[in-house]
Amino acid sequence: GAGVSQSPRYKVAKRGQDVALRCDPISGHVSLFWYQQALGQGPEFLTYFQNEAQLDKSGLPSDRFFAERPEGSVSTLKIQRTQQEDSAVYLCASSLSPGPYGYTFGSGTRLTVV
Amino acid sequence: RKEVEQDPGPFNVPEGATVAFNCTYSNSASQSFFWYRQDCRKEPKLLMSVYSSGNEDGRFTAQLNRASQYISLLIRDSKLSDSATYLCVVNVRNRDDKIIFGKGTRLHILP
Chain A
1 GAGVSQSPRY KVAKRGQDVA LRCDPISGHV SLFWYQQALG QGPEFLTYFQ
51 NEAQLDKSGL PSDRFFAERP EGSVSTLKIQ RTQQEDSAVY LCASSLSPGP
101 YGYTFGSGTR LTVV
Chain B
1 RKEVEQDPGP FNVPEGATVA FNCTYSNSAS QSFFWYRQDC RKEPKLLMSV
51 YSSGNEDGRF TAQLNRASQY ISLLIRDSKL SDSATYLCVV NVRNRDDKII
101 FGKGTRLHIL P
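Those sequence lines, one after another, are chains A and B.
With our numbering as the guide, the letters of the first sequence map in order to residues 1 to 114.
With our numbering as the guide, the letters of the second sequence map in order to residues 1 to 111.
It is worth saying that the hints were derived from the structure and are not from the lab.
Some clues are possibly wrong.
Here are the computed lysine-lysine pairs in the BS3-like style, where the Cα-Cα straight-line distance is at most 27 Å [to be verified]:
| no. | chain 1 | residue 1 | chain 2 | residue 2 |
| --- | --- | --- | --- | --- |
| 1 | B | Lys79 | A | Lys57 |
| 2 | B | Lys2 | B | Lys45 |
| 3 | A | Lys11 | B | Lys42 |
| 4 | B | Lys2 | A | Lys14 |
Label pairs and their in silico Cβ distance ranges [to be verified]:
| no. | chain 1 | residue 1 | chain 2 | residue 2 | range |
| --- | --- | --- | --- | --- | --- |
| 5 | B | Lys45 | A | Lys78 | 51 to 57 Å |
| 6 | B | Pro14 | A | Ser27 | 19 to 25 Å |
| 7 | B | Asn27 | A | Pro98 | 17 to 23 Å |
| 8 | A | Glu68 | B | Gly54 | 28 to 34 Å |
| 9 | A | Val74 | B | Gln31 | 38 to 44 Å |
| 10 | A | Ala38 | B | Ala20 | 37 to 43 Å |
| 11 | A | Ala53 | B | Gly16 | 26 to 32 Å |
| 12 | A | Gln17 | B | Lys45 | 30 to 36 Å |
| 13 | A | Ala38 | B | Pro111 | 19 to 25 Å |
| 14 | A | Leu96 | B | Gln31 | 49 to 55 Å |
| 15 | A | Ser62 | B | Asn27 | 36 to 42 Å |
| 16 | B | Gly16 | A | Gly28 | 42 to 48 Å |
Bear in mind the structure is a predicted one, so any value in this text is a computation, not a measurement.
Note that CB positions come from ideal geometry on N, CA and C, so glycine has one too.
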């Protein structure tokens, strides 16, 4: 596609529910990143893939967060047993090659845990 | 201490004025620097990279001071459409490829 596509656009989850957020990067983009943006804050790094390899997951806040990119294209961020503090916008970005340049962000998934 | 620090603002500036933001970074090994712009309820978008010698793109000028570890953004002849949040971003290349964002500075251009 022309851009990074994320779905769903909005998600309301009851506390304790599991959620799965999808990111469809630009075709051919090697690098894929997940960020979490709380209200009034800048995006915070969660995890990074180069093709199917998860090279950095240091930003995942707890073991309830899990991300995968099994075929090196679409990625899924899963949050188990959601808590209210998980409410945020989850942004996915991709870039053609490794490095800090050429990031394209998706529109994000706004997760609200009630 | 946060890796990238910015004054959150808001900066309320009349149209046509010049406005400047600074940002400081804590890791002296940081190698790449950027300003991103984020409109309300939208995703961040690259505004400009910041080079050691300073660089200009139309009404926007970015400067880097490695000795003092700060980055600046100057906007001249501000337009209503410049109203947004400006995010300072750094990358420590020898550690990994991720970019690290500041909290952002909110700018409101007043008619």
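Status of each hint after checking the structure:
no., hint, result
1, B:Lys79 / A:Lys57, "violated (40 Å)"
2, B:Lys2 / B:Lys45, "holds (22 Å)"
3, A:Lys11 / B:Lys42, "holds (16 Å)"
4, B:Lys2 / A:Lys14, "violated (32 Å)"
5, B:Lys45 / A:Lys78: 51 to 57 Å, "violated (27 Å)"
6, B:Pro14 / A:Ser27: 19 to 25 Å, "violated (45 Å)"
7, B:Asn27 / A:Pro98: 17 to 23 Å, "holds (19 Å)"
8, A:Glu68 / B:Gly54: 28 to 34 Å, "violated (42 Å)"
9, A:Val74 / B:Gln31: 38 to 44 Å, "violated (31 Å)"
10, A:Ala38 / B:Ala20: 37 to 43 Å, "violated (27 Å)"
11, A:Ala53 / B:Gly16: 26 to 32 Å, "violated (50 Å)"
12, A:Gln17 / B:Lys45: 30 to 36 Å, "holds (32 Å)"
13, A:Ala38 / B:Pro111: 19 to 25 Å, "violated (31 Å)"
14, A:Leu96 / B:Gln31: 49 to 55 Å, "violated (19 Å)"
15, A:Ser62 / B:Asn27: 36 to 42 Å, "violated (25 Å)"
16, B:Gly16 / A:Gly28: 42 to 48 Å, "holds (43 Å)"
Comparing the model with each numbered hint stated earlier shows that hints 1, 4, 5, 6, 8, 9, 10, 11, 13, 14, 15 do not hold.
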